[in-house]
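**Student:** Please build the complete structure, drawing on both the sequences and the hints.
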Amino acid sequence: MPKQEYKNDTSTWIVVGIAIGIAGGMIFDSIAIGIAVGLAIGLAVSFRFNKDKQNNPK
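Following numbering that gives the first Met the number 0, the residues of the sequence shown are numbered contiguously, the last one being 57.
Rather than coming from a laboratory, the hints here were simulated on the basis of the structure. Computed from a prediction, not measured in an experiment: that's the story for all the values here. Mixed in with the good hints, there may be bad ones.
[What the hints assert, rightly or not] Pair ranges (Cβ atoms, derived):
hint	residue 1	residue 2	range
1	M25	K50	28 to 38 Å
2	A18	R47	11 to 21 Å
3	F46	A18	15 to 25 Å
C-beta: ideal position from N, C-alpha, C; glycine also.
**Tutor:** Structure, rendered in C-alpha cells:
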C-alpha cells in the first residue's frame, strides 16, 4: 500500500470533524449535534488553512 500523504484539504478536515463529532456526540448525548459541531470545526479549520495557503504560498 502506498503511504498516504497528509493533506490540508477540506474533505480531510470534514472527515476529521465528523470523527470529532461522533466522539463529541457521546459527550453531548446526541451524535447529530456532535457531527454538526464536528463539521463546523472541520470547515472552519480547512477554511483557515486555505486562507493561510493563499496568503503565504510556499
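**Student:** If a hint holds in the structure, say so; if it doesn't, say that too.
**Tutor:** Evaluation of the provided hints:
Here the CB-CB span from M25 to K50 is close to 31 Å, well matched to the stated 28 to 38 Å. In this structure the hint that A18 and R47 lie 11 to 21 Å apart at CB holds, the actual value being about 18 Å. Between F46 and A18, the C-beta spacing of about 18 Å keeps the proposed range 15 to 25 Å intact.
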